[in-house]
Each structure stands twice: as C-alpha cells, then as structure tokens.
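If you read the sequences in order, they're chains A and R.
Counting from 1, one number per residue, gives the positions in the first sequence under UniProt numbering.
Counting from 1, one number per residue, gives the positions in the second sequence under UniProt numbering.
Honestly, the hints are just simulated from the structure, not real lab data.
Incorrect hints may have been included.
[What the hints assert, rightly or not] Quick list of in silico lysine to aspartate or glutamate cross-link-like pairs, EDC-like style, CA-CA up to 20 Å: (1) R:K152 x A:E43; (2) A:K10 x R:E288; (3) A:K49 x R:E195; (4) A:K49 x R:E289; (5) A:K49 x R:E194; (6) A:K49 x R:E226; (7) A:K10 x R:D180; (8) R:K270 x A:E13; (9) A:K10 x R:E195; (10) A:K10 x R:E181; (11) A:K10 x R:E289; (12) A:K49 x R:E269; (13) A:K49 x R:D286; (14) A:K10 x R:E269; (15) R:K278 x A:D103; (16) A:K49 x R:E7; (17) R:K306 x A:E13.
[Said to hold, decoys possible] If you want the footprint, here are the derived chain A segments under chain R, 3+ residues with CB under 8 Å: (18) 6-19; (19) 29-43; (20) 49-55.
We put the beta carbon where it would ideally sit given N, CA and C, even for glycine.
Chain residues, written in single-letter form:
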Amino acid sequence: MWIPVQIDDKSAEPLYHQIETQLRSLIISGNLAEGTLLPSIREFAGDLKCSVITVRRVYQDLEGEGLLRTRQGTGTFVSHVGDGARAEYRRETVRKALEAAVDAGRSVQFGEEELNELFQEIVKRKYGEADNKGE
Amino acid sequence: MVRLAVELRNVIKKRHSKTIGPINLELPEGHIIALVGQNGSGKSTLLSMLLKLALPEEGTICWFGSSVEGELPIEIRRSIGYVPESPIHEESHWTPEEAASFRRRWYPDWDQAYFQALLDEFEVPQGIRLGKMSKGERRKFEIAAVLAAGPKLLLLDEPSSGLDPFAWRIMIETLQRYMDERQATIIISTHIVEEVRRLADYIILLHKGKLLGMAEKDALLGAWSEVWVSAADEAELAELAAELPEALELKIQTPGMARMITSRMQDLEKRFSDLGIKKIRSRILDLEEILSLWTMGHRPELADLKRGD
Chain A
1 MWIPVQIDDK
11 SAEPLYHQIE
21 TQLRSLIISG
31 NLAEGTLLPS
41 IREFAGDLKC
51 SVITVRRVYQ
61 DLEGEGLLRT
71 RQGTGTFVSH
81 VGDGARAEYR
91 RETVRKALEA
101 AVDAGRSVQF
111 GEEELNELFQ
121 EIVKRKYGEA
131 DNKGE
Chain R
1 MVRLAVELRN
11 VIKKRHSKTI
21 GPINLELPEG
31 HIIALVGQNG
41 SGKSTLLSML
51 LKLALPEEGT
61 ICWFGSSVEG
71 ELPIEIRRSI
81 GYVPESPIHE
91 ESHWTPEEAA
101 SFRRRWYPDW
111 DQAYFQALLD
121 EFEVPQGIRL
131 GKMSKGERRK
141 FEIAAVLAAG
151 PKLLLLDEPS
161 SGLDPFAWRI
171 MIETLQRYMD
181 ERQATIIIST
191 HIVEEVRRLA
201 DYIILLHKGK
211 LLGMAEKDAL
221 LGAWSEVWVS
231 AADEAELAEL
241 AAELPEALEL
251 KIQTPGMARM
261 ITSRMQDLEK
271 RFSDLGIKKI
281 RSRILDLEEI
291 LSLWTMGHRP
301 ELADLKRGD
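Start from the sequences, fold in the hints, and give me the full structure.
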C-alpha cells in the first residue's frame, strides 16, 4: 500500500519528524481510515528512502498516541481516532496557521488593531464568497 | 535488547603496506549497513575477515553471539552469503544452471524457484558459461545465487559495479524485499551515494584503514548546513569569527558575503538574531558532502544501539 507522505530533502527538519507529522495528519483527518494496514517498516522505509530505524520510531510514537496498533505477525493498523482527538486536531491546525500569520504581521510591525481589521476583512471576503457560491 | 549479527573487538589486520584497525563494531541484526570509504580504506579486508578468508592478527570477531576458534563451523558459514568484488574463477566454465546445482549441495535451504525467478527478473542469459558473460550479467547471477541460499548475513562487496540502471533498480528492490521477508542483515560496501541513500540504515566510514565510526543514516541527513551572511570585508569577517565559534570554514567567497558551514544551525540562527547579523541564505548539505566532512575529521553523532529499546 502506498501512503502519500513526502519527504523534503532540503529541509532541516529531522526525517522522523516530517514523516510523523504527515502520517499523524493523514490518520486524524480520516484520510487513512480506521483498520487500514500500513506498509511494513522495511517497505515504507524503501518508499521514503529513509532507514527502518526512523520508520520504527514513527510507528512507535504514533502507537503511543493511540493512533496505530500493531498485531504481532500481521502488521501495523490505523486505530480508532476519537472525536475528541479529531476536534483537538482541527483546532490545532487552525491555531498554528493563525499564529504564523500573526508572527508574519509582527515581523513587519503590524499593530494589533491593524491586524484585527485585516483579519476581519479577509474573513468577510472569504466567507462571503463561499455564501455567494452556495446561493 | 539489540541482537548482534557480528561484533568486532579490537580487530587489527596488518597488510604489507598498511594496517587496518583497530576496529570495534557492533552490527545489529535486521539492518542494512553500508560500508563506505575511499579505495584502499579497508572495506574489502573487513568483509573478508567476516568470512575468515583473512585472519586478523589481533582481536576477536563474534558471529551471532559466539566467537569462533579456527575454521568457521559449517552452520555459520552456510548462513553467510558473500558476493566478492571479483567473481570466483573456478565457476567460470559453468553455466548458471551448473553453478547453481553445485552450490545447492552446500545449502540445504536453497530455494530453486526463487533462484529461477531472480534470473528471469534480472534477464540473465541461460545456457552460456559464466566466464562468457558480461560483467553486469555475471554480477546479476552472483546476486541471485547468493540470495537463493537464504543467508541470514549478506556481505556484498560493491555489488552494483557493472549493473545498468534497470538492473540496479531491480537489485535495490530485491534486497529490500528480501529484508522485508526475513530478519537478515546486509553489509554492503559501495561508492554510490544513491545506493546508500536508498538502502542503508547505518553507515560505517573507513578511512586509510582506520574506522571513523558508525552512524545512523537519517541522523546524518540534515545535520550540516552551509550559511551565507552579509560581511563587508576581512575586518568584519574576523569579528564574525570571534563571535561565532559554531561556524566552520568561515570565509568570504563573494564580496559582501561571508560563507560558513555548521552542524549547529539552530544555535547559529539564535546567535545571528542576538548579534543582529543578516542571514542571506542557507542550505542543507547532502550526504556526499557530509561523508567528505566526516572523512576530514568532522565526526557526526555516532549510532547508539541502546537508544530506543
């Protein structure tokens, strides 16, 4: 089975972290359904051109988070993701994006008020567009 | 606990022109370990010691947890597959079929169907003598024959030399599949960085007979960066050098820009912002550059087999 995880060779972010973040989001977002059998450690490592040590570590971490479970002799499966975890993940994704946007504003000396105004303007435009399309 | 396929303790081999070692290594089962180093660094000697084809003057070697006095016992010898740098002359007058039927007698686990499937996949010509084959065709036969014996430990001495890109890819995939299906261990000597990238879990670096260490491949990637910052002249460069002990090979290559390499990019970024230094660009060094830095003495973090178990 092929899993859409892509490694960026040019990034300083450690490989295991890149893989773990992407795999976690595929599971929590529901793109990888509960019960999906993941590739064996060696197979996944071969696809990603990384070592089995890295993939083993990712599987172990996500097992620790309850997102994966391993059955001896059969392999590693996607586990049940609770609604709480999914809601948390949704919120976290948006929070991170917003924090990055605020940092971008601060780096060019945007004030709080100015930032708020711009945010409201964008929200109004984007959600308005969506509403217009819906009608 | 990590089970070791091979362990070397203070192994020294004296060749007429140079000494290999002392080598201390623990090679974990179930992994692919790439042996890299320039010509004459001792890679082939190390591999032949693992078969007792060369005997070390000092030190001990353990196979699967037991050290061996005298000849390697047949059970251990059978569980090791070896593709030497140049093929064995004695088999050259045989066809692949004849060579296989000879080898089969020595290996009770010989898998004839697997052997045949590999020959077909590699498109090794059948019915002609091994000695008449091209270097690449012979190589493909050697790889198929060594895997058919079902080894627990595979020693491959530059197995891809002579292979065309198609055969090379089949070899990589075949080795990965073999590793996926059994808990084998592969030690592969190679000069091809892409082969290391694709296959290796660990990298062993040898240089002029000295062991420089064993590192996790993925820990090496991303470990080093090259950074450019603005610097007007040599005076400013000297100031930078005094402020940035994390920077190596600091110099001005382009007017107005200082260039440096570092394995501590995060520390350096923080120093830049503390000191108000303007970073222009940075990039991650690739595996080839990292191995060359390592050869020059910039040792990376070495593998720790106890971690994570």
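Quick rundown of the hints versus the structure:
For the proposed pair R:K152 and A:E43, the alpha carbon gap of about 19 Å is at most 20 Å, so the pair holds. Distance hint between A:K10 and R:E288 is fulfilled; the C-alpha atoms sit about 14 Å from each other, no more than 20 Å. A C-alpha spacing of about 10 Å is found between A:K49 and R:E195, which places the hinted pair at or below 20 Å, so the restraint holds. About 18 Å separates the Cα atoms of A:K49 and R:E289, which keeps this hinted pair within 20 Å; it holds.
About 10 Å separates the Cα atoms of A:K49 and R:E194, which keeps this hinted pair within 20 Å; it holds. A threshold of 20 Å between alpha carbons decides the hint, and for A:K49 with R:E226 the separation of about 23 Å lies outside it, so the pair is violated. Taking the CA atoms of A:K10 and R:D180, the gap is near 28 Å; set against the 20 Å cutoff, the hint is violated. Straight-line distance between C-alpha atoms of R:K270 and A:E13 comes to about 16 Å, which keeps the hinted pair within the 20 Å bound.
Distance restraint check for A:K10 and R:E195: the Cα-Cα separation of roughly 19 Å lies within the 20 Å cut-off, and the hinted pair is therefore satisfied. Straight-line distance between C-alpha atoms of A:K10 and R:E181 comes to about 32 Å, which puts the hinted pair past the 20 Å bound. With a C-alpha separation of about 14 Å, the suggested pair A:K10 and R:E289 falls inside the 20 Å cut-off, and the hint holds. The hinted pair formed by A:K49 and R:E269 fails the criterion: a straight-line CA distance of about 29 Å is larger than 20 Å.
Between the alpha carbons of A:K49 and R:D286 the distance comes to roughly 14 Å, so the proposed pair stays at or under 20 Å and holds. For the hint linking A:K10 to R:E269, the alpha-carbon distance of about 17 Å falls within 20 Å, and the restraint holds. The straight-line distance between the Cα atoms of R:K278 and A:D103 is roughly 19 Å, inside the 20 Å bound, and the hint therefore holds. In summary, the hint linking A:K49 to R:E7 is not supported, as the alpha carbons are separated by about 27 Å, beyond the 20 Å threshold.
In summary, the hint linking R:K306 to A:E13 is not supported, as the alpha carbons are separated by about 24 Å, beyond the 20 Å threshold. Counting residues of the region 6-19 of chain A whose C-beta sits closer than 8 Å to any C-beta of chain R gives 8, which meets the bar of three, so the coverage hint holds. Interface restraint, the region 29-43 of chain A with chain R: holds (3 residues with C-beta to C-beta distance below 8 Å; minimum three). Chain R is given as covering the region 49-55 of chain A, and this holds because 6 residues of the stretch bring a CB closer than 8 Å to a CB of that chain, at least three being needed.
In summary, the numbered hints that this structure violates are 6, 7, 10, 12, 16 and 17.
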